[in-house]
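These protein sequences, in sequence, are chains A and B. Going by our numbering, the first residue of the first sequence is number 2, and it counts up by one from there. Going by our numbering, the first residue of the second sequence is number 463, and it counts up by one from there.
None of these hints come from the bench; they were simulated from the model. Note that the structure is predicted; figures quoted are calculated from it, not measured. Watch out, some of these pointers could steer you wrong.
To be verified - Calculated lysine-lysine pairs in the DSS-like style (CA-CA distance at most 27 Å, straight line):
| id | chain 1 | residue 1 | chain 2 | residue 2 |
| --- | --- | --- | --- | --- |
| 1 | A | Lys43 | A | Lys29 |
| 2 | A | Lys44 | A | Lys29 |
| 3 | A | Lys33 | B | Lys830 |
| 4 | B | Lys495 | A | Lys40 |
| 5 | A | Lys33 | B | Lys836 |
| 6 | B | Lys495 | B | Lys830 |
| 7 | B | Lys495 | A | Lys33 |
| 8 | A | Lys43 | B | Lys584 |
| 9 | B | Lys830 | B | Lys584 |
| 10 | A | Lys29 | B | Lys494 |
| 11 | A | Lys33 | B | Lys733 |
| 12 | B | Lys584 | A | Lys29 |
| 13 | B | Lys495 | B | Lys836 |
| 14 | B | Lys495 | A | Lys29 |
| 15 | B | Lys836 | B | Lys825 |
| 16 | B | Lys830 | A | Lys40 |
| 17 | A | Lys29 | B | Lys729 |
| 18 | B | Lys494 | B | Lys885 |
To be verified - Only some residues are given here: those of chain A computed to face chain B with a beta carbon under 10 Å:
| id | residue |
| --- | --- |
| 19 | Ala19 |
| 20 | Leu28 |
| 21 | Ala42 |
Beta carbons: idealized from backbone N, C-alpha and C, even for Gly.
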Amino acid sequence: MIGWDILAYVGAIAGIVAPLFVLYLYLKEVTKRFRGMGKEAKKE
Amino acid sequence: MDVVSINLSLLDWLIIFCYIGLMIGIGLYIFKKVPGFDNFFSAGRAVTAPLLVATLVSTFYGLDTLFGTAEIGFMEGIVALVAYSIPFYIMFGIMAFLAPKIRDRNPNARTMIDILGDTYGKGTRLFSAVTSFFYSTNTMEMMGMGFVFSLILGIPFEWGVILGAAIALIYTALGGLLADILTDFVQFFLMVITLGIATLIAWNSVGGASGVWSGLALFNRGDPSAYFHPLGGYLTLGLIIVYSITSLAALADPAFFQRIFASASGKEIRKGFLIGIPLWLAYDICIVLMGMAAAASVGLGIIPEPHADQSLLAVMGHFLPSGLIGLFIAGVMAASMSTADSYFLVGGGNLVYDIYRPVFRPKIEEKKLTRYVKYGIIISAAVSIGLVFVFGRIMGVWVFQATLLINSVLFPMYMALFYRGRKTKLAGLLSTGFGLIATVVYYILISTLGYFSTEYGTYMLDLNLFGTPFTIWQEYAVFFIFPIGVILWFIGNWVSKEGRGVSKERRAK
């Protein structure tokens, strides 16, 4: 029975954590883009 | 069997209204920011991996997955995950491998119909656009939305359908693909995270796996081990192949192709599919186990027996506290709307960009094209709503739509994408035309002359050939029609004189 409990917890926790990882990737990308824009503005 | 009822607190209502307000707000915000058709229809071809993950996952998984998979979990157990979902992960894996090549080899394409039309001409463009349009009609999502809105608002089902479609329609018609993708991003978090949290609470409340086992023993009035058997104790390899054949549609899904062409690069779309696979898996695990937990809860006398397709709502409605139930309902709406909006856009694009523009107005201005696609989106939504009213509950509508796509589009499209040899107009026309017409005729025959088997959950027709009785299923259409379509493609190529004597290098140019 313990295997099914593990499956339930792994599925549920992955369902919570994995979208947060996707959000982290998105925020990292947005920050990088803003930094790039800031650098360009300074050059100008 | 009881119809599920859910009591919502003020906090729950607030969450639901905030969600709907946010979706419409995003549409209005993007409306002012998307100049030009490329921005409207292909999101400026600059979509990166995180947004792609969210839009791929939320678009492909709608209410048919949420309620349908939970229903199989409720009635049959873990087989819903092993036999029904795994074939789709294989297809998603294949797409992760192929999508970068498709994206990089066709930098100017916007839809998969562009690939077919550019290779085989207007006739094939027309047949494949009609197929894609029918595949994109959202009958199942409309029904699911109608049910959810009628459940929480206490309004008639028909009004629930119109209300749900209207919300998705507003932001899609206003902001196009970018609004679609950004709303999908929010909807993705809502639908996946709330399901994860809800699974933790509900699974523990039933008493974990041992509680579920005892509950299923009472529900099943006997040994519940079939619920935990990967093949449900009854599936054979042949049945798995028959049931999973529709997963091939994922290789030609028009919403996937629109996102492939909207991606910033081949690398980004590959990441999108690869990160998406474990998310799809986690989502399926939660739904299936919640279906089983619902059956166990009925066995233990915690909840009254619901209709199998309402099992997920029944178990969540009972175990989740105020606030979380609002989030969960918003997550259910998110699952539905993120699918509906994407296919409204695909359907609108099929009508205007893929059919009207090349046939009637090849030199149409971008501004007009954008406006007309918005009208197309409204027509696509109206057809989806209309189908709900005309047909009511359509059993196996997804099987029909997927079969149509596989038989008509799959083979000629992949030949157009990856076969370097001669490809003639006749080959495309014969295979797409035959696939479309033969599939429609096959389904009309099966549904009018055949019967619905409650044992196998599909339409069947009993035949007698030279004294030998046998039964054909609606799923068999792929086994009959697809190979003939392939043969017709080769015959068309062989018969036609088009492009003969042209070297491979010139053809490639």
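I'd like to know which numbered hints this structure contradicts. Please list them from smallest to largest. 3, 5, 8, 12, 16, 18, 21
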